[in-house]
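K.L.:
Could you build all of it, start to finish, from the sequences and the hints given here?
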Amino acid sequence: MRLDYKYNKDFTPIEPDIYEKLNWDYDLIVLCLEYIRTEIHTILETESDKIETFLISFSNFLGQNYPAIGIRNKSDTEDCINLDFFEVNEKIEKWILSVGIETLKHKAQNITYINWKTLHDLKRFPNA
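Here the sequence shown is numbered in our numbering, starting from 526 and rising by one per residue.
For the record, the hints were derived by calculation from the structure and aren't laboratory data.
Straight-line distance between alpha carbons at most 16 Å, and here's what the computed EDC-like set of lysine to aspartate or glutamate pairs gives:
1. K619 <-> D542
2. K630 <-> D552
3. K599 <-> E577
4. K616 <-> D542
5. K599 <-> D535
DEER-style ranges, computed between Cβ atoms:
6. K575 <-> D550: 28 to 36 Å
7. K616 <-> I636: 18 to 26 Å
8. E615 <-> T563: 18 to 26 Å
9. F610 <-> T563: 16 to 24 Å
10. T637 <-> D609: 25 to 33 Å
11. N548 <-> E618: 14 to 22 Å
12. S573 <-> E545: 29 to 37 Å
All C-beta atoms in this analysis are idealised placements derived from N, C-alpha and C, irrespective of residue type, glycine included.
P.N.:
This is how it looks when you write it as structure tokens:
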């Protein structure tokens with residue numbers, strides 16, 4: 526898997542096991558990923574001023590784009606957090622299992638989000 530480094534530099538990509546469960550509905554996936562993104566600090570038990578999280582348009586080796594979460598240390602922090610891909614992914618997967626996919630969809634319905642086309646065009650959201 527690769528990131529479009531021009532837009533999504535230095536991210537640890539997070540691709541939770543929700544795509545198939547959400548019937549590959551990219552708008553619904555973006556919605557649920559945005560909810561997960563808002564909960565990342567709680568899930569990872571980290572301070573919000575230490576890491577940055579974004580929705581990203583990710584692409585595979587075939588050039589197919591799909592939504593994911595990008596996470597990285599804030600560039601202005603001296604104390605870097607070890608963002609081990611496997612540890613981060615495991616914590617998020619456990620959290621999703623504990624919440625359940627239906628509850629995730631329900632909770633996500635109450636947030637403001639962008640759709641897949643917008644994310645695909647922007648490459649990253651929020652675009653900071």
